[in-house]
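Same order as they appear, the protein sequences are chains A and B. To convert, take the position in the first sequence, counting from 1, and add 890; that gives the numbering used here. To convert, take the position in the second sequence, counting from 1, and add 10; that gives the numbering used here.
Hint data in this document are derived by calculation from the structure and do not stem from the laboratory. A portion of the hints provided could be inaccurate.
[To be verified] Selected chain B positions facing chain A (Cβ under 10 Å, derived; list incomplete):
| no. | residue |
| --- | --- |
| 1 | E99 |
| 2 | D102 |
| 3 | L104 |
| 4 | V116 |
| 5 | S121 |
| 6 | P158 |
| 7 | P162 |
| 8 | K182 |
| 9 | R187 |
| 10 | A190 |
| 11 | R192 |
| 12 | S196 |
Where is the CB? At the ideal position from N, CA and C, for every residue including glycine.
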Amino acid sequence: MSGSRARLSRRARARARGRSGIIGPVERSAVVTSEGGLVADDARLWRAVGVFRVAALLYAGLLHVRVDDEYRHGWGGWAVLAVLAVWTGYLLVRADRRPRALWADLALACAAVLATRFLDDPERVVAGAQTLPSIYAASPVLAFAVWRGWRAGLGAALTVAAADVAEVGGRLSTTTVNNIVLLVLAGTVVGYAVELFRAGRRDLARAVAVEAASRERERLAADIHDSVLQVLAYVRKRGGEVGGEAAEIARLAGEQEVRLRALIATGEPVSTAGGEQDVRAVLGALATGRVSVTGPAEPVLVPARAAGAVCGAVRAALDNVAQHAGPAALAWVLVEDEDDAVTVTVRDDGVGMPAGRLDAAEHEGRLGVVASIRGRIEDVGGTVSVVSAPGEGTEVELRVPRARGRTT
Amino acid sequence: MTDGVLRVMVVDDHPMWREAVARDLGEAGLRVVATASDGAEALRRLPAVRPDVVVLDLQMPTLDGVATTRRIVAEHPGVRVLVLTASGEQSDLLEAVKAGATGYLVKSASSPELLDAVRRTGTGEAVFTAGLAGLVLGEFRRMASAAPHDEPEGMTPRLTERETEILRLVAKGLSSRQIADRLVISHRTVQNHTQNVLTKLQLHNRVELTRYAIEQGLDET
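Using the sequences and the accompanying hints, generate a full structural model.
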């Protein structure tokens, strides 16, 4: 139930309200922390790639110790590994993540793979023996995946795979094919996971920001709204009693008071995730010194389209009251939440009109206010009834059916 | 009401309001026996000053209006509570009324309105404004639709057709006299109906609280 959450938070802020302090320090820590977290999280990804690099390089070294004497040029193998070690050291120490460094990394890994063809025994090469850098060739693939997601990971994997194919001169052995498949999988999967991770983190950051903003709004509501309301209500009350020029000030204060109170009483008319709106909140905004809006304590949710139609219809009815019901007329808007429908009644205590006058107007094709109200409500599957009598005001009842299976 | 003069206590954390309300009531001939700046202070002073009516601000620090109402009604059954609210926050108002307040007014209500409401509260009559009627109507509907289908009769209070009819008219701004005219019943009958509705709601709230206490084992401590 969304209502209970709102109720709790409102109560909490009422409790939290200090007696004198109006504005405390602005809460921004949550947002700042989350942004700091963004940088730190990416650094962690890169660190993981760095750890893989070092481990892969050590593994390549160990492998080469075992096959050193089978190579045509064993020392050449060591030279290539030394270059990779220096490069890895540079990447780790300088934390160089510029695109240029990443491309160089990829080129270097491919070169190391291709170098195997010239340094190793041709028979071993044809048999599909391990390449010189072995799994180190996966590190630029991972780096590309972390850098730009799964497409970059896949691209890098295919590039290294092309080097692999070139290394064996196009004669693919099972081992080479297996390695290529694993490489492509690693690049794609890691890249995809990184994208998911980043999207999740973005959502989280956004949620934290929204949360902080809404907390701030609630705090404002608690402190300022309440203090302002107290003063506006006081001015309205006292000004009205003093009379004269003060009465005009009282009237102005009263209008603002009613609007502010409507905002606080039901909260702001925001849409829910399911695209529903609280009719009370939407109509609450129409309250003035002459129009009171009442309804249940819990939100009355209807699809946003229906809420818009009801709001437009009620606005039209209230405009009609202002124009025709007489200068002293008051109006009441009642929102009722029945299980299968929402009923909104607009009643005024104005001059009213004889029975049949509205029907007659509609028959004559003079599309008056009733036609406008009826049009809006029937558009969303609702019905309208109008009751009026001379001296008894006018009552417009709007009934909008509610789709079954709502969640409360 | 020892000598026929209504004894009133005004509880509000804003001094400006506390004094304004007390002055209005005093000028109209009521006896303001005490003022307090929050619920806790009100409860402390209540036994000594014995008011008939407590005019209570809903939003207060330490002990808020809802909790204060609950304790006043529980500890001092003869004392009636009229809630004043600046914000008109719906859920809190409903809670206060369920806790035993006999009505509420928004703070900008005029002095005659305030006076009338305090006098009516003093006689035990509910101050049934359009806003309160809408809230109460909504609450009965909510309870009815939240009740399980196989629930035994009488577990959830329901409004009679007449009560619903009257409540809807109140919520649409009709005075009890206008309602009496329209339904061709006496003014007194209208008031009895609205009074019954409030009693039903408050009684149910007490039953619910007790049931909750028993379920949670709170009654054994």
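Against the structure, the hints:
no. : hint : result
1   : E99  : holds (6 Å)
2   : D102 : holds (7 Å)
3   : L104 : holds (4 Å)
4   : V116 : holds (7 Å)
5   : S121 : holds (6 Å)
6   : P158 : violated (14 Å)
7   : P162 : violated (21 Å)
8   : K182 : holds (4 Å)
9   : R187 : violated (13 Å)
10  : A190 : violated (15 Å)
11  : R192 : holds (9 Å)
12  : S196 : violated (20 Å)
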